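Student: Listed below, chain by chain, are the residues.
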Amino acid sequence: MKAETEKLLAETKERLFVSDEFSAVRKIISWTPPNSGEVEDLDVMLDRIDRFAPGMQEWLDSMEDSFQ
Amino acid sequence: MSTGFTPQDILNDPNFQTGMTAHFIAAVESFDRYFKKWQDVSLNKHLLFAAIGSAYCDIYRLKFFRNLQQEDVHKRAAFLMKWIVKFVPIQLKDGSKRVSAAISNEYFAITLAMTVMNIEPNRLLQNPKFKTYASNLVYLLHFHSCEPEQLASELFLLENLIRE
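In the order they appear, the protein sequences are chains S and R. Numbering of the first sequence is given in the working numbering, commencing with residue 18 and proceeding in unit increments. Numbering of the second sequence is given in the working numbering, commencing with residue 1422 and proceeding in unit increments.
Simulated from the structure, these hints should not be mistaken for lab results. This structure is a prediction, so every number in the text was calculated from the model and none was measured. A hint or two may mislead.
Beta-carbon label-pair distances, calculated as ranges [stated by the list, open to error]: (1) 1554/R with 25/S: 41 to 47 Å; (2) 1487/R with 71/S: 34 to 40 Å; (3) 1465/R with 61/S: 35 to 41 Å; (4) 1564/R with 68/S: 51 to 57 Å; (5) 1523/R with 64/S: 27 to 33 Å; (6) 1489/R with 79/S: 21 to 27 Å; (7) 1484/R with 19/S: 25 to 31 Å.
Here are a few chain R residues that face chain S, going by a calculated C-beta distance under 8 Å [said to hold, decoys possible]: (8) 1450; (9) 1451; (10) 1457; (11) 1536; (12) 1537; (13) 1543; (14) 1547.
Covered by chain R, according to a simulated footprint, are these stretches of chain S (three or more residues, beta-carbon under 8 Å) [as the list claims (entries may be wrong)]: (15) 62-68; (16) 72-81.
Glycine included, every Cβ here is placed at the ideal spot set by N, Cα and C.
Whenever a hint applies, use it, and build me the whole structure from the sequences.
Tutor: What follows is the structure in structure tokens.
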């Protein structure tokens, strides 16, 4: 391996395992979006559907002429 | 010999059966309530059940291979969307000529995702960007193949429209 390549490899390893950059990458990898949870309870979803129905119908009506 | 990853293995898991049943009933109810005015389409429950079962199989494999204890709600909604637009459980009735009816599965997938994610349509309707965003999402689902992980990111953005 060329000396330049070995130097670059060493720098890269240092960057990956020591530096702040890697901490940032680790944070991105382990980041989890909010709103995690168990599978929704059926009664909760049915109540939600009941509440959402007028709004969903209004949205579907509004989309009627928007996808031609 | 069973590998533990066949649909039969996965769908026999009692926890998955509970979730699948809840999502299936919620999906049927969503269609009945949200698409009440759409008389030129009908819901094929056999295809809907197959779509939800396929979504659960995908989620199971994802959880196993990535060692996830609990998938987040965006992923759950995204996998349901992916399989609904693949199985197309909403069928056109003879004589239907509406463009919207022809893409009703895409609309159905979005409404189900919003329901699963608890995204209130009334709050989205107040946002002027929503209609354009929704049109693009329908376009994406109808004309392109998209991975559930990409859809999950899209849904995260959609959620942010009302959370900010």
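Student: Starting from the hint list further up, note which numbers the structure goes against and sort them upward.
Tutor: 3, 4, 6, 7 and 14
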